[in-house]
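Asks: For reference, the chains in residue letters:
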Amino acid sequence: MTAVTAGTTGTTGAPSVSDAAVAATQAAYEAVFDAAVAADERIEPRDWMPEAYRASLVRQIAQHAHSEIIGMQPEANWITRAPSLRRKAILMAKVQDEAGHGLYLYSAAETLGTSRDELLDKLHSGRQKYSSIFNYPTLTWADVGAIGWLVDGAAITNQVPLCRCSYGPYARAMVRVCKEESFHQRQGYEALLALSNGTEAQHAMAQDAVDRWWWPSLMMFGPPDDESTHTAQAMAWKIKRHTNDELRQRFVDIAVPQAEALGLTLPDPDLRWNEERGHHDFGPIDWTEFWDVLKGNGPCNDQRIGKRRQAHEDGAWVREAAAAYAEKHTGKHGEAQA
Amino acid sequence: MSTPDTHTTAALTGAALALGDDALVLSHRLGEWAGSAPVLEEEVALANIALDLLGQARVLLSLVGDEDELAYLREERSFRNVQLVEQPNGDFAHTIARQLYFSTYQRLLYGQLATGDGPFAGLAAKAVKEVAYHQDHAEHWTLRLGDGTPESHERMQQACDALWRYTGELFQPVEGLDVDHTAMETAWLESVTAVLGKATLTVPAGPRTGAWAAGAGRQGLHTEPFGRMIAEMQHLHRSHPGATW
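Chains as they are written, first to last, in our numbering: chain A, 1 to 338; chain B, 1001 to 1245.
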């Protein structure tokens, strides 16, 4: 978007202008913004944007960043127990990528006038959320494969359309994130395939993991369309391109043949192909569980946020040291360290 | 490996195992940091170093036999890593001190091996680039912590002191490793002394070798935390004998 570049808001720096003039200017900015969105142009950090658009993006990008950071925990839980050196290397690389994704996303959020510190504060105090999926425990090695296949699969289904999101920095971060996520998803699928084709005990382990992760993965697409408070506005702004239910259906249609190829079943007796719709029908989601987990009552909510807070508190003296060192040495040598 | 007599082959195998176990065990310790680092950038950096080391371990162990059999089916007394790398992570300062001591050693070692024409020259040529980065990372953090706040200075000094006794073992000759251990030790002391000085830290006064620590890890004599570490590492693999993953 090129038409209007007016700092962060349309009204700053003009104290003497009359209210009417301000309102007229505001309307002009809005018209330019709306036209840019309608023409599928990208909104960039210096462009004028409605405050609600800015706030909505900060909320979504922050939640996305937090999910990457909290999402490291269930998988890191298995790094020290990975059953082969090859799997251990793959898992370490994946968890490292997640930290990297968190970094890109916090940077994208910062272009909207917030800071990583502020966002982390909100995560630690529970004022901002992360994906409900990471409140489930990883109980066996197969969970690592199931997360790769199902959780990353659901995340990709959600995120590929975000590569065309109206906000440029977010869309560009998503392009990079999606490439790496697709790689992880293939590795997860392959790990699960090895288990499914392995010993009887390994096959059972894989099936058990899929049984536990299937429904929580479907919940990752968010509440049904008629209960989703943000969807309509996000679609009008072209932040979102598809509704929750559309994406969930797309995911089910992709996952069913993959489960067959894996030789594993999905834990849904109502799952069947519907010739008329050209889609799979599937059973009802337990929305009580979904809202419960979202409210903080899932199996690992306290544990996840507790560990994140602990890491942050334990690291405070390290960050203070880096800041103190940078201050001393920036003064002396004019070079910023840390 | 070339076709020397069995004695030399055994020596090379022993050397590959020693270096491979060092890398494997330190990689595992660094992997324990995932999700707990003080800043996100360190999540990336520590995992990155852990991955480099795991890559080195896999190449070295594969020279000896099956990498997974060696990692997952040997007992504590058969591991040949130095005791330094098995030391628990402790706080961030302990992790950095361990990293400073070990990466300085590894850079000197691989530097020497890379210039020779021995069986490790190829591996060393690649690894020396990685460990140069590890050393740089450890040195920068030693400076920040040593010359940061009074608290970080104190913690860094304590960490350097606590791990000092495990550094003598790094320079015990390893059969099959064609390097000058004495020259390495001199260069190591010079390098570490310079970094600690720049970081306003005191070079620890305690002994660097002792009746127990000197060469003990290379003979399969380890410290108590190590057994617990490999119990965790090996549990799943051992629970499914013969399975592939």
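Check each hint, because a few of them may be wrong.
Some chain B residues close to chain A (C-beta under 8 Å, calculated; not the full set) [as the list claims (entries may be wrong)]:
id, residue
1, Ser1036
2, Val1039
3, Leu1051
4, Arg1058
5, Gly1065
6, Asp1066
7, Pro1088
8, Gly1090
9, Ser1152
In short, the hints are calculated from the structure, not lab data. Don't be surprised by glycine CBs; every beta carbon is placed ideally from N, CA and C.
Asks: Go through the hint on Gly1065 (chain B) and say holds or violated, using the shortest Cβ distance to chain A against 8 Å.
Replies: 13 Å, violated
Asks: Given Arg1058 (chain B) as an interface hint, is its Cβ closer than 8 Å to any Cβ of chain A?
Replies: 5 Å, holds
Asks: Does the closest beta carbon of chain A sit nearer than 8 Å to the beta carbon of Gly1090 (chain B)?
Replies: Violated - the Cβ of Gly1090 (chain B) stays beyond 8 Å from chain A, reaching only about 11 Å at its closest.
Asks: At a threshold of 8 Å, is the proposed contact between Pro1088 (chain B) and chain A supported by beta-carbon distances?
Replies: Given a least distance of 13 Å, the restraint on Pro1088 (chain B) is violated.
Asks: Is the shortest C-beta separation between Leu1051 (chain B) and chain A less than 8 Å?
Replies: Constraint on Leu1051 (chain B) satisfied, holds at 5 Å.
Asks: Is the interface hint satisfied for Ser1036 (chain B)? The criterion is a beta-carbon contact with chain A at less than 8 Å.
Replies: 4 Å, holds
Asks: Report holds or violated for the interface hint on Ser1152 (chain B), using the least CB-CB distance to chain A and a cut-off of 8 Å.
Replies: Holds, about 3 Å.
Asks: Does Asp1066 (chain B) pass the interface hint, meaning its C-beta sits closer than 8 Å to a C-beta of chain A?
Replies: 10 Å, violated
Asks: May I ask you to test the interface hint for Val1039 (chain B) with respect to chain A, counting a Cβ-Cβ separation under 8 Å as satisfied?
Replies: 6 Å, holds
Of the hints listed earlier, those the structure fails to meet are numbers 5, 6, 7 and 8, in rising order.
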